[in-house]
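A.B. asks: Sequence:
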Amino acid sequence: VTWNSATHIARCLAAIPQAVKGLQAEVIVVDNGSTDSTAQTVRDGFPAARLIALHRNTGFAHACNVGIAASCGRMVGFLNPDAEALDSAFTHLVHFMDRHPRAAIAGGRLLNADHTVQHSVHVFPTPLSAFAVAMKLHRVPFLSRHFRGGFETASLPKKSTEVDYVKGAFFVARTSFLEEAGGFDERYFLWFDEADLQRTAHERGWEVWHYPKSQALHAGAKSFAQADEWRNQKQFLKSMGQYVRKWHGAWGALPVWIVTPFVLAAYRVLKGREESI
Numbered sequence: 001v002t003w004n005s006a007t008h009i010a011r012c013l014a015a016i017p018q019a020v021k022g023l024q025a026e027v028i029v030v031d032n033g034s035t036d037s038t039a040q041t042v043r044d045g046f047p048a049a050r051l052i053a054l055h056r057n058t059g060f061a062h063a064c065n066v067g068i069a070a071s072c073g074r075m076v077g078f079l080n081p082d083a084e085a086l087d088s089a090f091t092h093l094v095h096f097m098d099r100h101p102r103a104a105i106a107g108g109r110l111l112n113a114d115h116t117v118q119h120s121v122h123v124f125p126t127p128l129s130a131f132a133v134a135m136k137l138h139r140v141p142f143l144s145r146h147f148r149g150g151f152e153t154a155s156l157p158k159k160s161t162e163v164d165y166v167k168g169a170f171f172v173a174r175t176s177f178l179e180e181a182g183g184f185d186e187r188y189f190l191w192f193d194e195a196d197l198q199r200t201a202h203e204r205g206w207e208v209w210h211y212p213k214s215q216a217l218h219a220g221a222k223s224f225a226q227a228d229e230w231r232n233q234k235q236f237l238k239s240m241g242q243y244v245r246k247w248h249g250a251w252g253a254l255p256v257w258i259v260t261p262f263v264l265a266a267y268r269v270l271k272g273r274e275e276s277i
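Counting in UniProt numbering, the final residue of the sequence shown is number 277, and the numbers go up one at a time with none missing.
Hint data in this document are derived by calculation from the structure and do not stem from the laboratory.
Where hints are given, some of them may not hold.
Here are the computed lysine-lysine pairs in the DSS-like style, where the Cα-Cα straight-line distance is at most 27 Å [said to hold, decoys possible]:
hint: 1; residue 1: K21; residue 2: K234
hint: 2; residue 1: K234; residue 2: K246
hint: 3; residue 1: K158; residue 2: K234
hint: 4; residue 1: K21; residue 2: K213
hint: 5; residue 1: K238; residue 2: K136
hint: 6; residue 1: K159; residue 2: K213
hint: 7; residue 1: K136; residue 2: K234
All chains should be built: construct the whole structure from the sequences, respecting the hints.
C.D. replies: Structure representation (structure tokens):
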């Protein structure tokens, strides 16, 4: 799924043939109403890829569902446009899932540009951890060890491990599970859609795995950086509240809902101060 991704999409798509070695694969790009040259870059440089150009930004979850509906494979791979799947990355994940028939989703290891490991394994939000993240308590030094960057696991697994959920930048999902789950919940415009999907997998008796043999480079948050930080925070808090409401009830989400307007007001004030300096 792309949105104003012209800077990265060529590298992303160029790496896919090596990443799917030995597989019969199709490449589908769903463009979410980009206003830059993303769609043209795909058309001109990658004619084998199927481009589905939406007229407006419908949100990540909806765009993923459009791509899922257009696919015909027994598994569907998801890759952010600012990611570059390395040699046989998708092949490794598909073969791993073939060996684990109850695996609904498997995600690989994400690497920064300098090949250091990027955190890509998470624990599901709870009312307490969601409130802490909303209040940015995970950034307070003496509290950070209790919340570990928000929803990150204490450490990254060095071998294949069952997990709560993997980052949505790079993973493979079994089509039969996606059909059973009804795809992504489109009420999430951005953020927490992958957490919700993988929570659904667990609730339905499926497994979710991290498989570090499969690797991809990931620049991270490049599309988000194009949007206003206040709007990003607003959408993040909204989606987090949606997630907690769905899985923990209205009372669980109430603390996040209460603090959201105050957090956003603080962002407005801080942004104004930065601009006045």
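A.B. asks: Does each hint hold? Answer for all of them.
C.D. replies: The hints, checked one at a time:
no., hint, in the structure
1, K21 / K234, "41 Å, violated"
2, K234 / K246, "18 Å, holds"
3, K158 / K234, "35 Å, violated"
4, K21 / K213, "15 Å, holds"
5, K238 / K136, "15 Å, holds"
6, K159 / K213, "8 Å, holds"
7, K136 / K234, "14 Å, holds"
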